Amino acid sequence: MEPQTARPFAHLDTPLAGTYRRVMGVFVENKRRFVVHLRPEDVAEALRHDDGSGLSQEMVDKALGSLAEWGNLRADPDTSRVTTVEDFYRARHLYQLSREGEAAERALEVYEQEIGRRGELQAVALEDIRVRLRALRDLPVRFDPAVAHNLLLELMSRLDSLAANASAFMSGLQRTIELQDVDEEAFLAYKDRLIAYLERFVSELVVKHHDIAATLRALPPERVAGLLAAAAGREATDAVPDGTARPAEAERPPTAMSATAMEKLAAWENRWSGLWSWFVGGRGHPCQADLLRTRARKAIPDLLATISVLQERRAGRSDRSSDFRALARWFAQSPTEQDAHRLWRAAFGLSTARHLTAEPGAVIAEVPAATSWLEAPRVEVSARLRAAGHYAKRGAPKKVRDRTAERESLAREVAAEREQTEAARRRLATGRTARLSEIGALDRQEFALFLRLLGDALAAGPPGPDGVIRTRTSDGALAVILKPVDGPARIETEDGVLRGPDHEITIVDLMTGPEPMVVRS
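If you read the sequence shown in this note's numbering, its first letter stands for residue 96, the second for the next number, and so on.
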């Protein structure tokens with residue numbers, strides 16, 4: 096009798112979890128050989144021949160009873176070998192996997208496989224996908240549904256394997272790059288093979304991805320729909336009836352698809368959509384193949400950086416963590432406790448509280464720092480030091496320097512510089528359009544402002560549709576409009592002559608007026 100509430104994972108949280116797993120393994124192995132029911136003595140005999148130690152019949156009976164109670168097994172009365180009344184009243188059962196128990200074992204198997212999976216970049220899978228896609232493309236118009244179905248199954252199987260293994264490999268590679276759970280010696284030994292492996296896969300992926308994407312785009316949608324419908328129809332033929340009455344099925348035309356076939360077709364369309372997104376992408380998102388290629392390419396410089404870190408560690412480059420580890424080894428290798436104390440004082444510069452300052456000129460006896468105050472010689476300490484904790488400096492305090500003159504001089508320089516800058520702005524920011532060749536001579540302040548405005552305008556390019564560059568200074572105070580014209584320009588300054596192509600320039604002070612909307616030559 097099956098329990099009301101099954102707990103198929105309860106046996107994992109018990110002291111005898113290993114025994115329960117062995118018992119469940121016997122049932123899983125026998126079911127693969129189509130052996131459904133097992134007696135307790137069959138289970139005990141199988142446990143004697145597995146890799147573990149044998150169990151007594153009593154322990155096997157208790158384990159089977161607990162597993163049946165949790166819902167992993169189903170216990171049915173065994174009346175096939177009853178020969179006496181005593182045998183009838185004695186509890187004998189046949190055990191078989193319950194649905195919950197079988198699902199739990201499959202889940203545990205998948206969990207163990209994924210935990211132990213190393214992953215790999217399957218360049219061979221890319222070739223298999225390309226070959227099968229070409230075979231689908233080259234099928235005749237009246238194709239054999241069995242051939243199409245088989246090609247689609249192999250195609251999706253290789254895609255699932257490629258995606259799962261690539262994800263596992265990149266996750267493991269990231270842990271390697273971050274040096275998590277990595278044997279540094281082993282990593283340095285196979286680094287060259289790993290980098291060559293990544294480079295080979297990236298080159299294969301570039302070529303195969305282009306061919307696969309081109310083949311997918313070349314398949315007409317109606318052709319793909321026919322292939323998927325054929326695969327769904329073959330799978331619906333083998334589907335087990337669910338026993339549910341469906342009056343509408345009897346009234347459906349013979350050519351119409353059944354509800355089961357519609358479900359299968361939806362599943363196949365979903366798989367084909369996954370294949371398309373893996374190699375083609377869509378809706379503004381890159382395809383998974385491009386993402387994998389980008390991640391694999393990025394992993395190569397990351398691996399080289401990790402190798403550099405390991406080489407620096409091996410070369411003895413000093414950092415805080417390695418220093419503390421070396422210091423810990425020294426402490427562990429100290430022959431005596433006194434040596435450890437000396438190492439502590441040398442490493443950290445800390446000692447006991449014998450650090451008070453004595454009177455100037457006093458002779459301090461050389462006493463070890465570990466000496467007790469009661470046993471050490473007397474040291475004379477001044478009364479002021481005992482009361483205030485410090486000595487007063489002798490002599491008059493130092494006078495504070497009067498810096499009034501320096502501040503006034505600095506203020507005059509700032510005011511003069513501000514006045515020169517404002518004069519340069521008034522000279523250049525007139526709001527009128529002028530050619531660079533017509534500006535004339537500029538002093539140092541004017542030329543510095545003009546050069547900064549000209550650089551901002553040229554850096555804000557390229558010109559708009561009307562050939563004009565419009566920009567503002569970073570403080571938003573000036574607007575610059577620049578338009579190239581024919582001819583050279585020559586601007587004289589106090590430090591030399593600036594030559595270049597001529598432009599029409601308009602500089603507007605936005606603090607006094609609006610920015611012009613139209614520039615006329």
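Hints in this document: simulated from the structure, not taken from any laboratory.
Each hint should be verified, as a subset may be incorrect.
What the hints assert, rightly or not - With a Cα cut of at most 30 Å, we get these calculated DSS-like pairs of lysine-lysine:
(1) Lys286 x Lys303
(2) Lys157 x Lys126
(3) Lys393 x Lys303
(4) Lys286 x Lys126
What the hints assert, rightly or not - Listed next, with one range per pair, are the computed distances between beta-carbon atoms:
(5) Glu533 x Asp590: 48 to 58 Å
(6) Pro315 x Val404: 46 to 56 Å
(7) Arg143 x Asp233: 31 to 41 Å
(8) Gly120 x Phe443: 55 to 65 Å
(9) Glu299 x Ala362: 43 to 53 Å
Predicted, not measured: the structure shown is a model, and the values here were computed from it.
Here a beta-carbon is modelled for each residue, glycine too, at the ideal position from N, C-alpha and C.
Here's how the hints hold up against the structure:
At most 30 Å may separate the alpha-carbon atoms for a hinted pair to count; Lys286 and Lys303 meet this at roughly 26 Å. The straight-line distance between the Cα atoms of Lys157 and Lys126 is roughly 22 Å, inside the 30 Å bound, and the hint therefore holds. In summary, the hint linking Lys393 to Lys303 is supported, as the alpha carbons are separated by about 20 Å, within the 30 Å threshold. Annotation: proposed proximity of Lys286 to Lys126 is violated, straight-line Cα distance about 44 Å (limit 30 Å).
About 21 Å separates the C-beta atoms of Glu533 and Asp590, a value inconsistent with the hinted range of 48 to 58 Å. Checked against the hint of 46 to 56 Å, the pair Pro315 and Val404 passes, with Cβ atoms roughly 53 Å apart. For Arg143 and Asp233, the hinted distance range of 31 to 41 Å is not satisfied, since their beta carbons lie about 57 Å from each other. A hinted range of 55 to 65 Å holds for the C-beta pair Gly120 and Phe443, which are about 57 Å apart.
A hinted range of 43 to 53 Å is violated for the C-beta pair Glu299 and Ala362, which are about 30 Å apart.
Figure legend: structure checked against the earlier numbered hints; hints not met, in rising order: 4, 5, 7 and 9.
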